[in-house]
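Chemist: Now for the letters of each chain:
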Amino acid sequence: MDLNERIDKVLPKVVDHLSECQNCKLGTNTKKGLNLAGQRAVWRIVDDLVSIVFPGCHGNEPVGEEGLPSFLQNKLKTIAAELADQAERAFEYQCREVYCIDCTECRDRAEDAVAYLVESLPGVQTILHEDVQAAYEGDPAAKSSMEIIMSYPGIVAIVTHRIAHLLYSKNVPLIPRIMTEYAHSKTGIDIHPGATIGSGFFIDHGTGVVIGETTVIGKRVKLYQGVTLGALSFPKDEEGNPVKGVKRHPNVEDGVTIYAEATILGDVTLGAGSEIGGNVWLTHDVPPDSSVYNTQPRPMITKKGMLGPDGHDA
Amino acid sequence: MDLNERIDKVLPKVVDHLSECQNCKLGTNTKKGLNLAGQRAVWRIVDDLVSIVFPGCHGNEPVGEEGLPSFLQNKLKTIAAELADQAERAFEYQCREVYCIDCTECRDRAEDAVAYLVESLPGVQTILHEDVQAAYEGDPAAKSSMEIIMSYPGIVAIVTHRIAHLLYSKNVPLIPRIMTEYAHSKTGIDIHPGATIGSGFFIDHGTGVVIGETTVIGKRVKLYQGVTLGALSFPKDEEGNPVKGVKRHPNVEDGVTIYAEATILGDVTLGAGSEIGGNVWLTHDVPPDSSVYNTQPRPMITKKGMLGPDGHDA
Amino acid sequence: MDLNERIDKVLPKVVDHLSECQNCKLGTNTKKGLNLAGQRAVWRIVDDLVSIVFPGCHGNEPVGEEGLPSFLQNKLKTIAAELADQAERAFEYQCREVYCIDCTECRDRAEDAVAYLVESLPGVQTILHEDVQAAYEGDPAAKSSMEIIMSYPGIVAIVTHRIAHLLYSKNVPLIPRIMTEYAHSKTGIDIHPGATIGSGFFIDHGTGVVIGETTVIGKRVKLYQGVTLGALSFPKDEEGNPVKGVKRHPNVEDGVTIYAEATILGDVTLGAGSEIGGNVWLTHDVPPDSSVYNTQPRPMITKKGMLGPDGHDA
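Residue numbers (this note's numbering), protein chains in the order written: chain A, 33 to 346; chain B, 33 to 346; chain C, 33 to 346.
Hints in this document: simulated from the structure, not taken from any laboratory. All values derive from a computational prediction rather than experimental measurement. Among the clues, some could well be false.
Dumping the calculated SDA-like pairs for lysine to any residue here, alpha-carbon to alpha-carbon at most 20 Å [said to hold, decoys possible]: (1) K41/B <-> A227/C; (2) K335/B <-> G230/A; (3) K251/C <-> A227/C; (4) K64/C <-> S51/C; (5) K109/C <-> S51/C; (6) K279/A <-> T334/A; (7) K45/C <-> S152/A; (8) K276/A <-> E169/B; (9) K335/A <-> A304/C; (10) K41/A <-> E169/B; (11) K251/C <-> D317/C; (12) K45/C <-> S102/A; (13) K279/C <-> S102/A; (14) K64/A <-> V300/B; (15) K107/A <-> A304/C; (16) K251/B <-> V300/B; (17) K279/C <-> V248/C; (18) K251/C <-> K335/C.
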């Protein structure tokens, strides 16, 4: 029996089983069912929005002979139409799932969110320029602003976050998180779209950074790779499910620097101007202008072979 | 002398040197030589398989007017044919390299692996639904199941692993690891295709997670970012090369939670229901229902400038 | 008022604001302005260069009927022309920004860098084969050399670094860093193009590795995930900006192994043959053949619920 015959034989049963989940709806997105835009459609919107705030930097070529105003105008009209369509479908999904059968406000809410996003883009661009400046001042390896814009992962993460946060603040379902996880995938930097982040924000290297949903970050804050601004624990309802939306992440005031792999957990406040050292584990407030450091363990140095691989006697 | 002339002058020597490696065979994949599918061909198969278990979620659009059964049937037939071709070529490669000249069983083994994969997909989908449910129950930031499926990196990692593990268990060379490293690239989560992982598995955030080849994980296990389930050391043969295939990674029993950046090394067992705290370094067994925590170092807090950056007196 | 009308109403103001930045030049790349190649154009060059040193491994298909020499010759000519164009535009950008109005040497410098790169490729390939061999000998999970080449993130990072470092050494602006950040995005391994790295280099797993600009690494060095070779601090000029180009990162001599999550900071030297344990934090020299380990904290083990989540009494 060759492969075609074998496949043909099992196919009906496999297809039946897999199709049944159209009913359970979990993870099955059909035009006549959930009718959501796919993940990649959202990614494309992100790429287009990034090309609005940093035109010609992240594609193949600079903005061409048509000139910048025409480029921006055409892009913005296309983005607005596509994003309104995506957002409407996301609101309809949420509406069906959560609170109604027939959605009368979905289109209005979608258009309102898109108009708000478009109007906010100039302000976003201004703040991003402060982010780029912060990177230039914060990293001796940065040779020019264009190097930062064209290559730094921290910029990809923050531009995506600032866009996604606008949609999050308008309660658009699904799309903001798909956007920030797209940046997470490219950078290793995981910023929840709900986080509030001030201007002049710089993440160096970035891999492993986690910034939770209810984090509030002031101006001119600098993070290194592996920093976690996370939750210490979270309340559960009677059914044992986590209660959504509770404030559970840190507040980081203006001018704070947090070095690599530091872990800050819970609804605590790092006072303005403080420095948090590498690997520090912190679950309480610190006053402004503090230096917070671990006494790093002084490592043992012996001739090779004298210690087992876990640091105890072999 | 312009660039073309300069390039033309050095080209023969460069091309000769680079071509010679057709003989050494290392990293040169020609149709008349190794004849393997390239990395991206394997990635495309992964994308297609993911669209079978979560139809319409990760592409551009929902499944269209043709309906779900037709979509699944067409996809499955295409995948089966392409993957059988890829697997056959991988078996032939291994056959030539390791144990024979002429491969009589390669096609059969490839078709057997593909048929096994297709037959297993309904079961895989059922387990993945339990994984999604575990994410929903385990993360207060998760707003809906579709948000998890469309954006969470832990889902990308586990769906890819569950597919790759099927091919690994049928001894398909090369392809399973290319698949899981594709997910590693997208998520920062490095799960070897050899690992055995039960249902209801949830990795939150995920960047930096490493799960080694001989790890065995039970049901309803939850990991956070940066967790390593690794090897403490490994035996070498007389020539100093590592012996392949030895059991050297942890066993994680049902219902265990492991917090961020914890490191568990060696063939040790974490008893059912245990909690392993953040940053814990563990190289021995723990009994069921244990809490395993470091006394976190209490960081020193001084006015800024009183300590050097390594935590000792400046 | 429908979406089109709303967008049309705000569009002129938004476009005006965003266009103004053509003057501030920050992050606006037009043909008549900066005229730089976009990020993705550089990525495409990287993909093509990787296909020169590992032909047929990372695309869809093996090198076809045209045979390896023709494939190499055509690829090399295309790459040389495109890269010379990109490099020229990058030199012109730097020239305008930093030290002149009219660039007379930009084309020459670009062609010189490209010719140097092409001539160096055979040597790069030879060293990469030693890197692959080091991975095979260093990882019990590695089944074959082709598995390493086709799937290991450490190979993606080092092949990209070795190419980018050639251009960095010829002072090509922008492009080398875009190249290595492309690899960072795919692998979680952040190697600055300025770092000097000897042959037989192997990074296992890799996510979270950071190797700074002035790092010098000898032969047969092995790193695990999360290792940082970073700066302890850096001098600033009178305006508070970091001084660029100062030697500030570690020297790692031949045959050193550095285990997961170790942090080595500053211009310190790890003597040949040394082993640095997991999680070690090191800011001073160690002599050759040292074993450097933390006494890992022995975690506390209690029955579940006896300790709070930060490891102190609940």
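Chemist: The structure should be examined with respect to each hint, and the outcome stated for every one.
Modeler: So, going through the hints one by one against the coordinates:
no. : hint              : in the structure
1   : K41/B <-> A227/C  : violated, 30 Å
2   : K335/B <-> G230/A : violated, 24 Å
3   : K251/C <-> A227/C : holds, 14 Å
4   : K64/C <-> S51/C   : holds, 14 Å
5   : K109/C <-> S51/C  : violated, 38 Å
6   : K279/A <-> T334/A : violated, 48 Å
7   : K45/C <-> S152/A  : holds, 11 Å
8   : K276/A <-> E169/B : holds, 11 Å
9   : K335/A <-> A304/C : holds, 12 Å
10  : K41/A <-> E169/B  : violated, 38 Å
11  : K251/C <-> D317/C : holds, 18 Å
12  : K45/C <-> S102/A  : holds, 13 Å
13  : K279/C <-> S102/A : violated, 46 Å
14  : K64/A <-> V300/B  : violated, 50 Å
15  : K107/A <-> A304/C : violated, 56 Å
16  : K251/B <-> V300/B : holds, 17 Å
17  : K279/C <-> V248/C : holds, 10 Å
18  : K251/C <-> K335/C : violated, 48 Å
In summary, the structure is inconsistent with hints 1, 2, 5, 6, 10, 13, 14, 15, 18 from the numbered list given earlier, while agreeing with the others.
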